[in-house]
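Full structure from sequences and hints, please.
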Amino acid sequence: MVNDLPRFAAVGAGRMGRGIAIAFAYAGHRISLVDLRQRSDEAWQKLRSEARAEIEGSLSGLAQLGVIDAAQVAAIAARVEFMNAADAPAALGAAELLFEGVPETLDAKREAFEWLNRHCRDDAIITSTTSSILVTQLAALVHKPERFLNMHWLNPAYVIPVVELSCHVGTDPAVLARTKAIMEGIGKLPVVCGATPGYIVPRLQALVMNEAARMIEEGAATAEEIDKATRYGLGLRFAALGVVEFIDFGGCDILHHASREMSASIDRARYTAPAIVDRMVDEGRLGLKSGSGFYDYEGRDVDAYRRDVLSRTLGMLRHAGLWQPPAAETQP
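Just so we're aligned, residue 1 is where the sequence shown starts under this note's numbering, counting upward by one.
FYI, nobody ran anything at the bench for these hints, they're computed from the structure. Among these hints, one or two may not hold up.
As the list claims (entries may be wrong) - Computed beta-carbon distance windows for the label pairs:
hint: 1; residue 1: Arg270; residue 2: Phe246; range: 15 to 21 angstroms
hint: 2; residue 1: Asp282; residue 2: Asp107; range: 48 to 54 angstroms
hint: 3; residue 1: Phe246; residue 2: Asp87; range: 47 to 53 angstroms
hint: 4; residue 1: Arg307; residue 2: Met209; range: 29 to 35 angstroms
What the hints assert, rightly or not - List time: in silico EDC-like cross-link candidates among lysine to aspartate or glutamate, alpha-carbon distance up to 16 angstroms:
hint: 5; residue 1: Lys144; residue 2: Glu114
hint: 6; residue 1: Lys289; residue 2: Asp253
hint: 7; residue 1: Lys180; residue 2: Glu96
hint: 8; residue 1: Lys144; residue 2: Asp122
hint: 9; residue 1: Lys289; residue 2: Asp303
hint: 10; residue 1: Lys144; residue 2: Glu96
hint: 11; residue 1: Lys289; residue 2: Glu245
hint: 12; residue 1: Lys144; residue 2: Asp172
hint: 13; residue 1: Lys188; residue 2: Glu164
hint: 14; residue 1: Lys180; residue 2: Glu164
What you are looking at is a predicted structure, and each value in this text was computed from that prediction instead of being measured. Even for Gly, the Cβ is constructed at its ideal location relative to N, Cα and C.
Structure follows, in structure tokens:
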């Protein structure tokens, strides 16, 4: 019976679908992992065995790290229910929130949404986990597009808390609010962006990764030195402060001047500051030190905020095992 089927469904039994299934199962929910492809019995059994083995293996990895008890692995894995094409209509019809995760081609997406349009409830929320196709391109494929948005998960999907929600102009605000609430209920941290290529995280990290590869190509530093610098310098700082918060904390004028110097000495196209930075400097909106920047600090206890930032940074240092107590004696 439909009422006995899970409330959630991951459509596409590949790596992303399996990761999403683990995330919901870990949070105590049953979820359908749905394969829409017509397969022979032998091929379906092989896929299901591979998916089950990967899910159990991922959970066993968490157990080995002490995150969960080994005795919990089987119970959590059992919350994932595998559905082939024959079972898909019932699973899709029962779900209130679905995650489309088929291969990244419009033909594959179109075929998947034809299934969802035929079998999903009209009040079900439909999301796509696409990393490369805009929500505006896919909304046209969805019946009742007001209940549709993109949801980009960061791998491993069952570990990284952030999920990026990308809406089109027709996405119902109530649908967005309901989606956020469900995701927060399983321990995720939803962030919202517009219909923009690369969402937030991939767009930022692509610049960093390309620049790291370019530095190796130029002989500026080795891979090992770059990784040390990013793990314990760049990464540690941005784990304690958000990127935009970091601009305000140091001062927008610092970014302005650094960009001017590097655009002249390295590459103008890559390092010229955007107009918003120049405009904020001209207006004296430098961040924390001027009382406003990307954020407004009026009425805020700045000293308490600075202590909080220091506390976050020290917490990351301790986590990395890099914090040292002061020396007991003066060194010769």
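Each hint, compared with the structure:
In this structure the hint that Arg270 and Phe246 lie 15 to 21 angstroms apart at CB holds, the actual value being about 19 angstroms. Look at Asp282 against Asp107: about 49 angstroms separates their beta carbons, and that is inside 48 to 54 angstroms. Between Phe246 and Asp87 the beta carbon distance is about 49 angstroms. The supplied range of 47 to 53 angstroms therefore holds. Distance hint check: the CB atoms of Arg307 and Met209 are about 33 angstroms apart, consistent with the given range 29 to 35 angstroms.
A distance of roughly 13 angstroms separates the Cα atoms of Lys144 and Glu114; the hinted pair therefore holds under the 16 angstroms criterion. Our distance criterion of 16 angstroms between C-alpha atoms is met by Lys289 and Asp253, whose separation comes to about 11 angstroms. Between Lys180 and Glu96 the CA atoms are separated by roughly 14 angstroms; this keeps the pair inside 16 angstroms, and the hint holds. A distance of roughly 7 angstroms separates the Cα atoms of Lys144 and Asp122; the hinted pair therefore holds under the 16 angstroms criterion.
Among the hinted pairs, Lys289 with Asp303 is consistent with the structure: their alpha-carbon atoms are about 11 angstroms apart, no more than 16 angstroms. The straight-line distance between the Cα atoms of Lys144 and Glu96 is roughly 14 angstroms, inside the 16 angstroms bound, and the hint therefore holds. Annotation: proposed proximity of Lys289 to Glu245 holds, straight-line Cα distance about 13 angstroms (limit 16 angstroms). Taken as a hint, the Lys144 and Asp172 pair is honoured in the structure, with Cα atoms around 10 angstroms apart against an allowance of 16 angstroms.
Simply put, Lys188 and Glu164 have alpha-carbon atoms about 10 angstroms apart, close enough for the 16 angstroms limit, and the pair holds. Distance check on the hinted pair: Lys180 and Glu164 sit about 10 angstroms apart at the alpha-carbon level, within 16 angstroms; holds.
Against the hints set out earlier in the document, no violation occurs for any number.
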